[in-house]
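All chains should be built: construct the whole structure from the sequences, respecting the hints.
Just so we're aligned, residue 1 is where the sequence shown starts under my numbering, counting upward by one.
Calculated directly from the structure, the hints in this document are not laboratory data.
Any given hint could be a false lead.
[Claimed, not checked] Computed beta-carbon distance windows for the label pairs:
no., residue 1, residue 2, range
1, Thr277, Thr46, 54 to 60 Å
2, Asp207, Leu375, 37 to 43 Å
3, Ala278, Asp169, 18 to 24 Å
4, Pro176, Ala299, 27 to 33 Å
5, Gln217, Asp87, 25 to 31 Å
Heads up, the beta-carbon is just placed ideally off N, CA and C, and yes, glycines get one too.
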Amino acid sequence: MMKKKLLSLALAAMMTLSLAACGGGATSTPAASSTPVASSGAAASTGVKVGVSMPTQSLQRWNQDGSNMEAELKAAGYEVDLQYAGDNDIPTQVNQLENMITGGCKVLVVAAIDGGSLTEVLKTAKDANIPVISYDRLIMNSDAVSYYATFDNYKVGQFQGNYIKDALDLDNQAGPFNIELVTGAPDDNNVNFFFGGAMDVLQPYIDSGKLVVPSGQTSKAQCATPNWSTEESQKRMENLITSNGYGPSATKLDAVLCSNDSTANGVTNALLGAGYTADNMPIVTGQDCDKPSVKNMLAGTQSMSIFKDTRTLASQVVEMVDCILQGKEVPVNDTKTYDNGTGVIPSFLCDPVICTQDNYKELLIDSGYYAEADLA
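Structure, rendered in structure tokens:
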């Protein structure tokens, strides 16, 4: 039943909305905080520079996001200024954005390191009439943000929580089951949705005592991982193993909720170091389908990941850029959820998909996202 359910989810997600023209097939609203540069047709992209700011090259997913965005924009005829902000260095990102603003970029696509750190530099963008698309991470406390493009991050957390619920059969088994919780960077607004979505599923079972968190660490602040660091999550998991006596022949650990793959990798490293193997590994969740985590899934040391096809997100952002520069309504499908402190930002949410051993080939290999050799 689980395999059938996952395959159904995969097939549904492969039908993710792909718009053929600006505003087609989706709820649309005009640009929120800037006046579009009017143009028409293919001429809208000719010689136009788009700035793309990514937070780091230390995680595989941001490299893929950046390269996919650059390829899609160039294929549409745009000139692209793609910059990575060192290793999550906020002053570097601010400086790069300043250069994009003064360097003639007509639209900015920004994946923020810290959602609240760009208020001042984006004031300059607004003053220069440069629309800003917040990419994947919502930029907070800035009225310069015109649109937000991301995946349905609350659904990501729900998928992870429901995977644990179903794998442990919480509705039918007596328990109790031991679980520990690991989420990401406290300055990433997405954590509120990842962790919140998962905990909305799991909290009732914690409250009833069917799920037990032996460490007592259940708040977002207690479970956070600075910069989504593999090393930091490994250190914390090692401490949890020591302080709670977890081990294959000691205190049983049934599951670890990990909000993404980089934290899952740290947790897996710690569990392997404590003597766990594929035969007795707790359930470990993840997100992004990074290559090391997919390899871990195939080896049986990570249970699942959430596939967020960055090609889909890149295509959607290019669609939004086109519409902005053509003075047309920009396609969005959420106008209620994402308030950045200055108001609700019109958003487009792409669909995430559960990935496991059962369906990774259809999702990742057959779709061309990875080659078979990438996962060898």
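Going down the list of hints, with the structure as the test:
| no. | hint | result |
| --- | --- | --- |
| 1 | Thr277 with Thr46: 54 to 60 Å | holds (57 Å) |
| 2 | Asp207 with Leu375: 37 to 43 Å | holds (39 Å) |
| 3 | Ala278 with Asp169: 18 to 24 Å | holds (20 Å) |
| 4 | Pro176 with Ala299: 27 to 33 Å | holds (28 Å) |
| 5 | Gln217 with Asp87: 25 to 31 Å | holds (27 Å) |
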